[in-house]
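Note that the protein sequences, when read in sequence, are chains G and D. Each residue of the first sequence is one higher than the one before, starting from 1 at the first, in our numbering. Each residue of the second sequence is one higher than the one before, starting from 1 at the first, in our numbering.
Hints are computed from structural coordinates only; laboratory data are not their basis. None of the values given here were measured: they were computed from a predicted structure.
In this list, chains with the same sequence are indistinguishable; a pair is considered to hold if it fits within one copy or across any two.
Using 25 Å as the maximum straight-line C-alpha spacing, the simulated SDA-like pairs for lysine to any residue come out as follows:
(1) K99 with E154
(2) K95 with R147
(3) K28 with W143
(4) K99 with A152
(5) K7 with P47
(6) K99 with T158
(7) K7 with F131
(8) K28 with V146
(9) K99 with L4
(10) K7 with T149
(11) K28 with D141
(12) K95 with A152
Below are the chains, spelled out letter by letter.
Protein chains: 2
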Amino acid sequence: MALLIRKATAADAPQILAFIHALAEYEKAPDAVEATVADLVREGFGPTPRFHCLLAESDDQPAGYALYFHTYSTWTGHPGLHLEDLFVLPEFRGKGVGKALIAAVAARARAEDCRRLEWAVLDWNQPAIDFYRSLGGEFLDEWRTVRLTGPALETLATRQTAEEKQ
Amino acid sequence: MALLIRKATAADAPQILAFIHALAEYEKAPDAVEATVADLVREGFGPTPRFHCLLAESDDQPAGYALYFHTYSTWTGHPGLHLEDLFVLPEFRGKGVGKALIAAVAARARAEDCRRLEWAVLDWNQPAIDFYRSLGGEFLDEWRTVRLTGPALETLATRQTAEEKQ
Numbered sequence: 001m002a003l004l005i006r007k008a009t010a011a012d013a014p015q016i017l018a019f020i021h022a023l024a025e026y027e028k029a030p031d032a033v034e035a036t037v038a039d040l041v042r043e044g045f046g047p048t049p050r051f052h053c054l055l056a057e058s059d060d061q062p063a064g065y066a067l068y069f070h071t072y073s074t075w076t077g078h079p080g081l082h083l084e085d086l087f088v089l090p091e092f093r094g095k096g097v098g099k100a101l102i103a104a105v106a107a108r109a110r111a112e113d114c115r116r117l118e119w120a121v122l123d124w125n126q127p128a129i130d131f132y133r134s135l136g137g138e139f140l141d142e143w144r145t146v147r148l149t150g151p152a153l154e155t156l157a158t159r160q161t162a163e164e165k166q
Numbered sequence: 001m002a003l004l005i006r007k008a009t010a011a012d013a014p015q016i017l018a019f020i021h022a023l024a025e026y027e028k029a030p031d032a033v034e035a036t037v038a039d040l041v042r043e044g045f046g047p048t049p050r051f052h053c054l055l056a057e058s059d060d061q062p063a064g065y066a067l068y069f070h071t072y073s074t075w076t077g078h079p080g081l082h083l084e085d086l087f088v089l090p091e092f093r094g095k096g097v098g099k100a101l102i103a104a105v106a107a108r109a110r111a112e113d114c115r116r117l118e119w120a121v122l123d124w125n126q127p128a129i130d131f132y133r134s135l136g137g138e139f140l141d142e143w144r145t146v147r148l149t150g151p152a153l154e155t156l157a158t159r160q161t162a163e164e165k166q
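If we strip away everything but chain G, and leave its shape as in the complex, we get:
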């Protein structure tokens, strides 16, 4: 098996979207994906890319992807990387593709002097949890993630606008 890890380009957006759908299905949320090819092209390959993507190809066949963006830690003073998606197609699993992808992201972190690589894992995904533990990952279980979206986000944003106008 010849494995290649390469940076995605705008031309890969349809393949990336196909991977995103496959990952959502794996995460038991097959209808969660609203993203379009146009969204990916606009946000990932414009003048201010909001994400970066690496593709894994096995004997020229798409095998998986890693998608990440920059973070910032006020404790380290340095940027970090957040691995938003990591996915390998079922037929390519168990061959080191996932590890090669995450290692390539770690190498990017190192090249850019990013001090942390972080990501989230579903608490029922024991194979992934075991894999991440084997890499030396630390689980930040004291922290809970909070999300504001839709009407709640809109209400809060509008409140601010109202007060600014006073």
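Let chain G serve as the given structure and place chain D on it in line with the hints.
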């Protein structure tokens, strides 16, 4: 009380660092901050800012800050904002300063068509948890955060380099 929320500039970096130290103390990690004023200036106020910062001033006195950066969701297809730090000095608490800061960040999210505002809260910080719930925040307790840093990150990054060379 006259409350002003304004965007921080590089000249505010010493004040931001003082807030970062105060927040780390509140989070029971007083020795965790390695960041310097130079780090903040370089990463926050250069050509590719890795974070953005809003300052709250009450009658011209520094009262608190919010520090955030952009994220990307492959489900929504849009960027989001991650609120890394939100802090109000003890003497200004209970006066709506924290809510004004987070509302200002929500307004930024709305202005930039960011579909999510996310942050993390320590599981023992019940006042903050109650506050975030009152805003309509959703707690993503099915997700665990994993972090790779130091030697573990270095080892993974080096592995990749070794394989690339083959």
